[in-house]
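K.L.:
Given next are the chains, with one letter for each unit.
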Amino acid sequence: MDHRAFFFQRLGLTNRDLERYLAAALTAGGDYADLYFEYHTSTSLSLDESLIKSATQGISAGCGVRVISGERTGYAYTDDLSPERILRAARTAALIASGPNKQPVVNLKDPTGGHTLYAIASPSVDAEVAAKVELLQRADRNARSYDSRIVQVRASYADELRRILVVGSDGVIASDSQPLARMSIFCIAKDGQNSARGNSGGGGRVGIEYFQTEKTPDYFAHEAARQAIIQLDARETPAGEMEVVLGPGWPGVLLHEAVGHGLEADFNRKKTSAFAGLVGKRVASEKVTVVDHGTMPSKRGSINVDDEGSPTQHTTLIENGILKGYISDKLSARLMGIANTGNGRRESYEHIPMPRMTNTYMLAGQDDPKDIIKSVKRGLFAVNFGGGQVDITNGKFVFSASEAYLIEDGEITAPVKNATLIGNGPDVLTRVSMVGNDLELDEGVGTCGKDGQSVPVGVGMPTIKVDRLTVGGTG
Amino acid sequence: MPVETQERIELGAGLKEIAVDVVERAMKAGATAADAIARDGNEFSTLVRLGEVETLKESGARALGLRVFVGKRVAATHTSDFSREGVERLVSSAITLAKATSEDPVAGLPDAASLGSLTQNLDLYYDDVYSLSTADRIDYARRAEAAALAVDARITNSDGGSFEAATGYKVLANSLAFVGEYRRSYCSVSAVPIAQADGSAMQRDYWYSASRTLQKLESPEAVGRKAAERTLRRVGARKVATQKVPVVFDPMVARGIIDHVFDAVNGDAIYRHASYLAGKLGEQIAGENITIIDDGTMVGGFGSSPFDGEGVPTRRTVVVERGVLKSYLLNTYTARKLKLQTTGNAARGLTGNPGIGSGNFFLQPGDKSPKEILRDIPNGLYVTEFLGFGVNLVTGDFSRGASGLWIENGELTFPVEEITVAGNLKDMLWNVSAIGNDLEFRSSIAAPTLRIDGMTIAGE
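The listed protein sequences derive, respectively, from chains A and B.
Position one of the first sequence corresponds to residue 25 (the numbering used here), numbered consecutively onward.
Position one of the second sequence corresponds to residue 6 (the numbering used here), numbered consecutively onward.
Rather than coming from a laboratory, the hints here were simulated on the basis of the structure.
Each hint can be trusted.
Distance windows between CB atoms, simulated:
no.: 1; chain 1: B; residue 1: 376; chain 2: A; residue 2: 340; range: 48 to 54 Å
no.: 2; chain 1: B; residue 1: 161; chain 2: A; residue 2: 321; range: 43 to 49 Å
no.: 3; chain 1: B; residue 1: 304; chain 2: A; residue 2: 36; range: 45 to 51 Å
no.: 4; chain 1: B; residue 1: 442; chain 2: A; residue 2: 259; range: 36 to 42 Å
no.: 5; chain 1: A; residue 1: 302; chain 2: B; residue 2: 248; range: 30 to 36 Å
no.: 6; chain 1: B; residue 1: 381; chain 2: A; residue 2: 259; range: 29 to 35 Å
no.: 7; chain 1: B; residue 1: 243; chain 2: A; residue 2: 122; range: 45 to 51 Å
Straight line, CA to CA, 20 Å or less: simulated EDC-like cross-link-like pairs of lysine to aspartate or glutamate:
no.: 8; chain 1: A; residue 1: 126; chain 2: A; residue 2: 95
no.: 9; chain 1: B; residue 1: 373; chain 2: B; residue 2: 458
no.: 10; chain 1: B; residue 1: 104; chain 2: A; residue 2: 73
no.: 11; chain 1: B; residue 1: 249; chain 2: A; residue 2: 260
no.: 12; chain 1: A; residue 1: 295; chain 2: B; residue 2: 57
no.: 13; chain 1: B; residue 1: 285; chain 2: B; residue 2: 268
no.: 14; chain 1: A; residue 1: 295; chain 2: B; residue 2: 157
no.: 15; chain 1: B; residue 1: 431; chain 2: A; residue 2: 260
no.: 16; chain 1: B; residue 1: 431; chain 2: B; residue 2: 293
no.: 17; chain 1: B; residue 1: 244; chain 2: B; residue 2: 413
no.: 18; chain 1: B; residue 1: 244; chain 2: A; residue 2: 451
no.: 19; chain 1: B; residue 1: 244; chain 2: A; residue 2: 267
no.: 20; chain 1: A; residue 1: 474; chain 2: B; residue 2: 59
no.: 21; chain 1: B; residue 1: 244; chain 2: A; residue 2: 491
Backbone N, C-alpha and C fix where the C-beta goes; we use that ideal spot for every residue, glycine too.
Please construct the entire structure, taking both the sequences and the accompanying hints into account.
P.N.:
Here it is as structure tokens:
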């Protein structure tokens, strides 16, 4: 789809202007330059103590200019979209190169084909604000009615529309309008002296209808309240290495941390990743196949084109245990002589793009999830997680369980307190001995941080069993 | 590399008038109270890797945020569009949105009497951070990395050396006739070397120096050498057995623990009962050796400012005194909820209602040197890095990934990794058995070396 009209009309841009800006960016030589226009609108509403206490709306717009010369990148941006300021940003970014003026061969191609992975909602109107308020109030009522021990409920609804136009000196011109919506619910349960929390939420590149028909506030409220109540009875989590079963869906954050970041091409180009040089080698058990899939309709991590204008793809990272390749952007693809997988993403016009994940998940296997639990003598069954983190150089990663249970003699028994799990990326997946037939994607809440830039992502996994993983409890 | 620096318009030029004007427009459009924030900033950063410039970034940006009250309803809007249409839309959207929110009896601007701005010079702005030519800035980054690479042959790779400079201007205006403004500057130099020895995994660590003025920045060479030492000591790290031993946290990680205490005394978490310290004011929550202070008035501090995000002067607040919880950290809203007074800790981002931010938040140092603290420990763990964020403030449960060095007979021995350190903040603050004399502010939250007993290390 072509979303150029928005920028062309709003800013009075023409192809000639774009060529002029690119020419300014290449005044000191440089191998490649691109312009990134962004117009971002966002709204959010939040409820606390059964009151809508906060409502916000914002607009952020600007243009970033990047110039690449060899391995060097120059970058400048402006939030003033007048031609003089864009030209000034272009000349600033140009300073990275130090050669003679290069007259770019620019003949901007019209975009052809491409994905249409999400519908664009019409801009927010007052009626929609009222409907969002109703969603939050419904969530509040539902969570409170779940159990009288639910004493606090916070709920928020946030949505945004990000319009982008990317123009490269390689002739690429691409545009997209990316909607994103998310509902989040947080509950606190109290029982005598004990307190506990529960979190839930979801969304994607969807409009408000999604929360009215598919995944309702009732669903998320029930889930958050359920977790909080269960945690009231949580016992000490055991400490040390044990068998760990990870439930389907959001526990896929394991893949994101353990292998996903380590497979981003920039780290491998610089040989700073524990996965550098492992393509073609075994990094997981043969039951494990992991993909990064940017073209799933309406998913939080999906985009029609990446932030360099390349169409997103379905990329196999690990196939039957063998490392197949990396996720890349234009710079790493060129310098490493590998294919560009369309993973060049950035947080906003203020940021330099780099290889980032989209939706990363493990394909379903053959095992029945019930059999997986039955096979464990003494271990942990973790079904919900908070965030995670990885040191891509030594490969160590963590992810923190927010809902987990003991498994004793093949049975799920008591809930346990929140605890961090820690492992080593390049070998944790070699210890995956069972893979369930129940692949699920997460609900659409993931935000990934790298070098100070946040982008929305998805994760997913079937139920899996890891034969040995360190559980950071106190018991 | 050309050395020219682009001309810049004076930081914050015209923004004071714009902020005042936006508040007036909001009042004319039907607001019963309003405040506006305008920000302007410049940033420069460069990364040099293996001696070559990898990135060079230079830019500036402005933004405008408005909060309006219509009776007891509130809404907030923000924009980067300073055109007349942009500002008009900012105002009209805010008024429209406010009608969608609930009446909240506690909502409102601070009492007029509590508004004000500190008059003493806090030394927050030095234009020398922007005085260097592009070539000199690159040289800072290059020198930091080169110093790291030169330390030892086992430093085989690098994530680079970097230099950053930034200046920011902020003005806040409200319908109670408060107008305050300040500028702040920042510069930093850092290095991230990677080490590897035969047969062991690569290891990476970092070091940095940051200051509001170039004059106080540590030399790039010192930063690079320290980064290399921190990286080299990790080479050959291994797991240890699951056990309970004394744990010593170096100041960079002790700071993380004190940061959790900040989150636990945050007024928002307190009135919502989302903190294990809710309802504990006046109670002994830690050992008598623990005194924690928040001070927004420290000269040159990374957390200092003449007024908070609502126009209330910053101050020094004793949060924990000899183990007794003396004060939460509050803004106007949370203070009214708790029937207390604001502590001048409102944090106002561009958008939304003000939250709670720290001034300079720190644990008072003790009198032992880090060496003396280690000397008493026959067998224990010295933590130099946390991985992940596993803390539950509702319960106080603490479980984080860690790496560091093993302590044997009072000395640091082999490096350790792929373990977790777990306990509960409630107990941890009682079980601090030694506090170092090495408090140093490298950011707005700081702590000296800490020894905590009774924690569980999970490993093999």
